[in-house]
Amino acid sequence: MTKYDWLAICACVLCALFLIRFAGRAERDKRTWFKLLWLVPLPIAFLGDLSGLTRSLVPLCLGAVITAGGFFTELAGRRRLLSGIGAGVMLLSIPCCLLDPRCHAVHYLADFEKAFTDMKRHYVLTAHKGIDWDALYAKYQPRFAEIDRTQDAGENALEWMRFCGEFYDGHVNFSPADEDAARQAARSALGNDYGLVIMRCTDGSFAAVNADDSLKAYGIGNGTVITAWDGKAPDEVQKMSPLNGASVLHLAEGETAELGGEPDADNNLFWSASLAAGIGGERVKVRFLDESGKEQSAELPKTGAYADRLFQAVRTIQQGVNIGNLQWQRLDDTTVCLRIKGMMYDTQSYQSSEDDANAEMVAEIRQTLLQYRESGVRDLVIDLRSNTGGSGSMVRDLVSVVAPEGEHFYTANGLWDDEHRTWATDADGNYTAERVFTLQGEQLLGDGRITVLVNSESISAADHMVHLMRGMEHVTVMGFTEPNGSGQAVGGTRLESGVLMFSNCVMLDENGEIFVDSGTDHQSGNGVDVQIPFDSAAIHALFDEGRDYVLDYAMRGQS
Amino acid sequence: MLDIMKGQLRQLMRTRIIHLTFGVFAASFLLITFLECTVNTDDPIRASDFLCGSYAQAAGLILVSLCIVAGLANGADFSDKTLYHELLSGRRRSAVFFGRLIPGAFVSVLGTMLLLALPIAFLAWLNGWGNAIPVSAAVQRLLLMFFPLLRLYCAQVLFTFAVKNQIAGSSLSMLPVFGLFTLGCTDAAAMSGMQILKTLSGTPCLLSPLNCGYLAKFESWATYGIDLRQHYTYYPELPASAIALTVTVSLVMCAVYLLVAYHYFHTDDLN
Numbered sequence: 001m002t003k004y005d006w007l008a009i010c011a012c013v014l015c016a017l018f019l020i021r022f023a024g025r026a027e028r029d030k031r032t033w034f035k036l037l038w039l040v041p042l043p044i045a046f047l048g049d050l051s052g053l054t055r056s057l058v059p060l061c062l063g064a065v066i067t068a069g070g071f072f073t074e075l076a077g078r079r080r081l082l083s084g085i086g087a088g089v090m091l092l093s094i095p096c097c098l099l100d101p102r103c104h105a106v107h108y109l110a111d112f113e114k115a116f117t118d119m120k121r122h123y124v125l126t127a128h129k130g131i132d133w134d135a136l137y138a139k140y141q142p143r144f145a146e147i148d149r150t151q152d153a154g155e156n157a158l159e160w161m162r163f164c165g166e167f168y169d170g171h172v173n174f175s176p177a178d179e180d181a182a183r184q185a186a187r188s189a190l191g192n193d194y195g196l197v198i199m200r201c202t203d204g205s206f207a208a209v210n211a212d213d214s215l216k217a218y219g220i221g222n223g224t225v226i227t228a229w230d231g232k233a234p235d236e237v238q239k240m241s242p243l244n245g246a247s248v249l250h251l252a253e254g255e256t257a258e259l260g261g262e263p264d265a266d267n268n269l270f271w272s273a274s275l276a277a278g279i280g281g282e283r284v285k286v287r288f289l290d291e292s293g294k295e296q297s298a299e300l301p302k303t304g305a306y307a308d309r310l311f312q313a314v315r316t317i318q319q320g321v322n323i324g325n326l327q328w329q330r331l332d333d334t335t336v337c338l339r340i341k342g343m344m345y346d347t348q349s350y351q352s353s354e355d356d357a358n359a360e361m362v363a364e365i366r367q368t369l370l371q372y373r374e375s376g377v378r379d380l381v382i383d384l385r386s387n388t389g390g391s392g393s394m395v396r397d398l399v400s401v402v403a404p405e406g407e408h409f410y411t412a413n414g415l416w417d418d419e420h421r422t423w424a425t426d427a428d429g430n431y432t433a434e435r436v437f438t439l440q441g442e443q444l445l446g447d448g449r450i451t452v453l454v455n456s457e458s459i460s461a462a463d464h465m466v467h468l469m470r471g472m473e474h475v476t477v478m479g480f481t482e483p484n485g486s487g488q489a490v491g492g493t494r495l496e497s498g499v500l501m502f503s504n505c506v507m508l509d510e511n512g513e514i515f516v517d518s519g520t521d522h523q524s525g526n527g528v529d530v531q532i533p534f535d536s537a538a539i540h541a542l543f544d545e546g547r548d549y550v551l552d553y554a555m556r557g558q559s
Numbered sequence: 001m002l003d004i005m006k007g008q009l010r011q012l013m014r015t016r017i018i019h020l021t022f023g024v025f026a027a028s029f030l031l032i033t034f035l036e037c038t039v040n041t042d043d044p045i046r047a048s049d050f051l052c053g054s055y056a057q058a059a060g061l062i063l064v065s066l067c068i069v070a071g072l073a074n075g076a077d078f079s080d081k082t083l084y085h086e087l088l089s090g091r092r093r094s095a096v097f098f099g100r101l102i103p104g105a106f107v108s109v110l111g112t113m114l115l116l117a118l119p120i121a122f123l124a125w126l127n128g129w130g131n132a133i134p135v136s137a138a139v140q141r142l143l144l145m146f147f148p149l150l151r152l153y154c155a156q157v158l159f160t161f162a163v164k165n166q167i168a169g170s171s172l173s174m175l176p177v178f179g180l181f182t183l184g185c186t187d188a189a190a191m192s193g194m195q196i197l198k199t200l201s202g203t204p205c206l207l208s209p210l211n212c213g214y215l216a217k218f219e220s221w222a223t224y225g226i227d228l229r230q231h232y233t234y235y236p237e238l239p240a241s242a243i244a245l246t247v248t249v250s251l252v253m254c255a256v257y258l259l260v261a262y263h264y265f266h267t268d269d270l271n
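If you read the sequences in order, they're chains Y and E.
Counting in our numbering, the first sequence runs from 1 upward without gaps.
Counting in our numbering, the second sequence runs from 1 upward without gaps.
Derived by calculation from the structure, the hints in this document are not laboratory data.
One or more of the hints may lead you astray.
Covered stretches of chain Y (chain E as the covering partner; in silico rule of three or more C-beta atoms under 8 Å from a C-beta of chain E) [unchecked claim]:
hint, segment
1, 50–60
2, 412–425
3, 487–495
Computed cross-link-like contacts, PhoX-like style, restricted to lysine-lysine with a CA-CA straight-line distance of at most 20 Å [stated by the list, open to error]:
hint, chain 1, residue 1, chain 2, residue 2
4, Y, 30, E, 164
5, Y, 120, Y, 139
6, Y, 139, Y, 114
7, E, 217, E, 198
8, Y, 114, E, 198
9, Y, 285, Y, 216
10, Y, 3, E, 198
11, Y, 302, Y, 232
12, Y, 302, Y, 285
13, Y, 139, Y, 239
14, Y, 294, Y, 232
15, E, 217, Y, 114
From the derived model, a few chain Y residues whose C-beta atoms are all more than 10 Å from chain E [unchecked claim]:
hint, residue
16, 29
17, 319
18, 473
Given the structure is predicted, the values throughout are model-derived calculations rather than measurements.
Using N, Cα and C, we set each Cβ at its ideal position, and we do this for glycine too.
Based on the provided sequences and hints, a complete structural model is requested.
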């Protein structure tokens with residue numbers, strides 16, 4: 001029951017009580033407009049309903065209608081009776097509001113139905129990813145029906161994250177309206193903190209990261225190989241997590257992490273044990289290898305919520321050079337780093353469809369790069385870690401500055417069938433390419449080497465940039481993981497409980513295939529030239545020494 | 001009553017201010033349409049594209065014309081006392097009331113519907129219909145619009161008989177009518193995040209201008225390419241529940257407004 005409900009009920013009842021008193025005077029003094037007063041509770045009840053229609057306020061409206069009966073009679077007794085009954089009926093709204101669990105209920109099931117319909121109509125990767133809509137509906141409709149019954153906002157957010165994970169598409173995600181509830185639910189579902197996070201190493205073993213100092217007593221620290229968690233392999237344990245395969249998790253205010261439901265199977269493998277160390281009861285039995293390589297075991301008590309430790313670990317692994325978007329940092333005499341956190345220069349250029357929308361940004365980058373060249377810089381590191389994407393035209397213009405001279409293919413728009421108002425397909429159901437977008441390389445860096453740093457959060461336009469640059473002469477893409485692997489542009493549907501975004505626009509590569517996004521083989525069209533081993537050296541550098549291991553690794557490669 | 005109706009109809013058809021009102025609104029609407037469709041001469045906007053696009057926002061103006069004409073049709077005789085003379089000469093109250101109400105409804109509601117159709121017909125003649133939605137969908141919306149327009153007319157009748165003035169009732173309602181229509185046909189409510197606007201927008205049958213806005217808006221989906229060129233898909237089908245609510249709520253509210261208006265007039269006719 002909201003304060004507006006109280007306000008409306010009190011105002012209507014007071015009005016009806018006033019009319020009981022006023023009926024005598026209205027009978028004596030027959031001014032016609034007096035009778036209009038008996039209609040006043042109607043608009044008040046109507047306004048009360050505007051704070052959100054609910055059946056619990058039906059008695060309020062009914063009471064106002066009964067009171068309005070006083071308009072049609074001029075007998076004081078009848079008017080008093082009608083106003084009195086009206087006030088009594090209005091008061092029934094209070095218990096109705098207080099006792100009705102669906103008073104101002106959020107329509108979670110209606111949201112699901114709407115979003116599902118929109119997505120089924122407009123999701124452009126249905127065939128490419130082999131989405132079975134009927135199976136998805138059969139699986140999730142009963143779950144959302146239950147959430148609609150229980151009105152659990154947190155569980156609703158988690159269910160959407162599970163639903164989004166089914167598409168293994170970084171562009172399918174749900175932004176809950178009630179972020180606090182979503183965060184609390186995610187924190188609760190992530191489980192308990194036992195003092196460590198487990199990550200899968202490149203060699204297939206599992207190691208402790210972000211280990212608490214208190215675990216030193218057991219002989220466990222950062223890099224310690226974990227062989228079993230409560231008797232099972234950590235990646236098997238992860239499968240028991242209620243969030244296994246879910247898309248973006250809301251872990252802290254304004255901060256999210258994507259640890260499952262990854263578009264690319266290789267990236268999924270990288271995170272395949274990250275949720276394991278939150279699963280367990282009061283104590284968990286962990287088996288690990290000590291410094292001599294001998295297997296040991298320990299029983300670890302739970303100490304708090306796993307979400308905080310996991311979030312800290314994810315941020316340490318996914319970190320980028322700590323400067324602002326499109327900022328430069330000189331790394332040594334011959335190397336400079338350009339950090340690109342998002343493909344957006346300013347709002348005007350972001351929203352513009354003009355060819356020269358990014359002219360100011362290009363001029364600025366060109367000038368800066370030339371200045372660095374004059375001061376002896378040869379090589380460039382482009383840090384795209386956790387780049388959330390943005391403008392395609394910015395990618396085109398950024399890459400053209402450093403790309404080898406000549407014309408380079410970027411992407412092709414799908415052909416829009418204006419008659420049928422849908423993306424055109426050929427007889428086999430494949431999308432047809434329409435306009436091809438290319439760029440002219442300037443090679444402003446000459447023969448200098450370019451290293452592009454990525455992580456599994458480098459998505460969308462960042463994915464485009466990697467796809468464009470990978471394979472160019474002098475360019476090396478590296479990271480612990482591949483970039484996210486989600487290349488189509490997005491649209492969204494606004495719901496009462498949040499916003500659902502998904503791939504909505506067709507972009508194709510030079511072969512007329514879907515640009516970047518992974519298909520049923522769970523392999524995206526993007527990758528890295530050098531996969532940096534996630535091993536004990538990386539773990540110690542990241543978690544014990546606080547170094548940016550990925551950047552250091554790139555610099556070692558440069559030298 | 002028939003003779004009053006005939007007389008009223010003749011009077012309405014010859015009233016210069018009503019001609020002027022309809023004429024100004026028709027010219028404004030046509031001008032907006034013309035400007036809209038000549039912005040891009042390379043890719044002319046066809047009637048169905050305009051109807052699904054910027055039509056709704058301009059159409060809100062036309063509802064204001066209904067308020068004005070409804071006020072003139074029912075309130076003009078309060079000022080020249082014709083209405084009182086009729087009553088004093090022994091005409092039945094119901095004949096005096098409905099003799100004005102029915103011709104007024106005929107002129108204002110049908111006139112408004114014609115105005116609403118005018119720019120679409122003009123554009124269809126100029127650039128063709130297009131393929132955004134079928135003609136039948138547009139006709140269905142326009143015909144359904146009759147019910148909330150009638151409801152709006154009846155509300156105006158109530159205001160006019162309550163204030164006994166041809167201008168006051170319609171002037172008071174112009175701005176809310178235009179605002180509510182705009183709210184009904186745009187996504188402003190969802191974007192604003194205000195619960196009161198969301199409730200209004202999400203329940204179009206609550207108020208007639210909202211209902212008109214809802215009928216003027218076509219559910220759409222936008223997509224685009226890397227060059228940000230947008231493509232729209234429209235879904236003109238109305239849910240059966242929306243059609244049923246539009247018709248039943250409109251008719252019920254018409255009856256309620258007229259009942260209240262007549263009752264008030266009945267007890268307050270010679271004041």
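Item checked: Restraint status (C-alpha distance of residue 139 of chain Y to residue 239 of chain Y at most 20 Å) -> holds (18 Å)
Next item on the list: Determine whether the non-interface label on residue 29 of chain Y survives the test: each CB of chain E must be over 10 Å from its CB.
Entry: holds (14 Å)
Checklist line | chain E over the segment 487–495 of chain Y, status - at least 3 residues with CB closer than 8 Å | finding: Holds: 3 residues of the segment 487–495 of chain Y have a Cβ under 8 Å from chain E.
Check: Given the proposed pairing of residue 114 of chain Y with residue 198 of chain E, does the C-alpha separation stay at or below 20 Å?
Finding: The given pair, whose Cα atoms are some 16 Å apart, holds under the 20 Å limit.
Next item on the list: Would you check the hint for residue 120 of chain Y and residue 139 of chain Y, treating anything up to 20 Å between C-alpha atoms as holding?
Entry: holds (15 Å)
Check: Going straight from one Cα to the other, do residue 30 of chain Y and residue 164 of chain E come out at no more than 20 Å?
Finding: Distance ~18 Å between residue 30 of chain Y and residue 164 of chain E Cα, so the pair holds.
Margin query: Between the alpha carbons of residue 217 of chain E and residue 114 of chain Y, is the straight-line distance 20 Å or under?
Written below: holds (18 Å)
Notebook entry, point to check: Given the hinted pair residue 302 of chain Y and residue 285 of chain Y, is their alpha-carbon gap at most 20 Å?
Noted result: It holds: about 11 Å lies between the C-alpha atoms, which stays within 20 Å.
Next item on the list: Decide if the proposed pair is consistent with the structure: residue 3 of chain Y and residue 198 of chain E, CA atoms, cutoff 20 Å inclusive.
Entry: holds (17 Å)
Notebook entry, point to check: Minimum Cβ separation between residue 319 of chain Y and chain E greater than 10 Å?
Noted result: Nearest chain E Cβ is 30 Å from residue 319 of chain Y, so the label holds.
Notebook entry, point to check: Does residue 285 of chain Y pair with residue 216 of chain Y here, judged by a C-alpha cut-off of 20 Å?
Noted result: OK: residue 285 of chain Y and residue 216 of chain Y at ~16 Å, within 20 Å.
Next item on the list: Measure nothing beyond the straight line between the CA atoms of residue 302 of chain Y and residue 232 of chain Y; if it is 20 Å or shorter, mark the hint as holding.
Entry: Holds, because 18 Å separates the two Cα atoms, which is no more than 20 Å.
Consistency note: the structure conflicts with none of the earlier hints.
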